[in-house]
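Novice: Spelled out, the chains give:
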Amino acid sequence: EAEVAQSPRYKITEKSQAVAFWCDPISGHATLYWYRQILGQGPELLVQFQDESVVDDSQLPKDRFSAERLKGVDSTLKIQPAELGDSAMYLCASSLERGYSYEQYFGPGTRLTVT
Amino acid sequence: AQSVAQPEDQVNVAEGNPLTVKCTYSVSGNPYLFWYVQYPNRGLQFLLKYITGDNLVKGSYGFEAEFNKSQTSFHLKKPSALVSDSALYFCAVRDSGGGADGLTFGKGTHLIIQP
Numbered sequence: 001e002a003e004v005a006q007s008p009r010y011k012i013t014e015k016s017q018a019v020a021f022w023c024d025p026i027s028g029h030a031t032l033y034w035y036r037q038i039l040g041q042g043p044e045l046l047v048q049f050q051d052e053s054v055v056d057d058s059q060l061p062k063d064r065f066s067a068e069r070l071k072g073v074d075s076t077l078k079i080q081p082a083e084l085g086d087s088a089m090y091l092c093a094s095s096l097e098r099g100y101s102y103e104q105y106f107g108p109g110t111r112l113t114v115t
Numbered sequence: 001a002q003s004v005a006q007p008e009d010q011v012n013v014a015e016g017n018p019l020t021v022k023c024t025y026s027v028s029g030n031p032y033l034f035w036y037v038q039y040p041n042r043g044l045q046f047l048l049k050y051i052t053g054d055n056l057v058k059g060s061y062g063f064e065a066e067f068n069k070s071q072t073s074f075h076l077k078k079p080s081a082l083v084s085d086s087a088l089y090f091c092a093v094r095d096s097g098g099g100a101d102g103l104t105f106g107k108g109t110h111l112i113i114q115p
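Protein chains in written order, with the numbering used here: chain A, 1 to 115; chain B, 1 to 115.
Keep in mind the hints are simulated off the structure, nothing from the lab.
Glycine residues also receive a C-beta, built at the ideal position from the N, C-alpha and C atoms.
Treat each hint with caution, since some may be false.
[Claimed, not checked] Incomplete in silico selection of chain A near chain B, CB under 10 Å: (1) K15; (2) W22; (3) L91.
[Said to hold, decoys possible] Dumping the calculated EDC-like pairs for lysine to aspartate or glutamate here, alpha-carbon to alpha-carbon at most 16 Å: (4) B:K107 / A:E44; (5) A:K71 / A:D51; (6) B:K69 / B:D85; (7) B:K69 / B:D95; (8) B:K49 / A:D51; (9) B:K58 / A:E103; (10) B:K77 / B:D95.
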């Protein structure tokens, strides 16, 4: 069964450093999402891509976070500089298309710890 | 704005007994509703969804959920609980008429099945 791939699985970084996460969606999925899940809470959407275009980044802290999906396949989420409050699980998800009822398939996540 | 409430942080059920995990939602239009399950240090796994049609939807691992429009609820149920059902369960919603389709999640409910 096809899965969403994410790397690294765990990342420890010092505050003020840069960090990047990678996601490879299920083959053929046009829509890609990045969510942040703080311990004890549900995931919150950061950014949504349709192919290589950003559909929604209203909740992305753009002063320090950036996301790209240059060729409309895999994606990178970057934080620079990292802050203590960024410690969380970062989840990538993909779905076949947007604007329909398709479910989202989630990767295993990257657990970020900022010290 | 859309929102999801999961009123119980934890639900305890004896193995073999029926289980219910509660969820209520708020959207401006018609809802698309989802249930996901999360095991420790893992991403979210899709269980089931309600889009339209029959109010009772069946999903993976014997789970089902009932959509109640008048009560704006979408409770997750299973007739006979297994110890392996113990996990963190998330209810999620999106507005069917929205342009962006990121999901809004509840805070999650820990389901503990006691042998």
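Novice: Does each hint fit the structure? Answer for all of them.
Specialist: Do the hints match the structure? See the list:
1. K15: 23 Å, violated
2. W22: 15 Å, violated
3. L91: 6 Å, holds
4. B:K107 / A:E44: Judged against 16 Å, a Cα distance of about 10 Å means the pair holds.
5. A:K71 / A:D51: At roughly 8 Å apart (the allowed maximum being 16 Å), D51 of chain A and K71 of chain A satisfy the hint.
6. B:K69 / B:D85: Answer violated: K69 of chain B to D85 of chain B is near 27 Å, above 16 Å.
7. B:K69 / B:D95: 14 Å, holds
8. B:K49 / A:D51: With a Cα-Cα distance of about 24 Å, the restraint between K49 of chain B and D51 of chain A is violated, given a limit of 16 Å.
9. B:K58 / A:E103: Status holds; Cα separation ~15 Å.
10. B:K77 / B:D95: Violated. K77 of chain B to D95 of chain B sits at ~23 Å, over the 16 Å cutoff.
Against the hints set out earlier in the document, violations occur for numbers 1, 2, 6, 8, 10.
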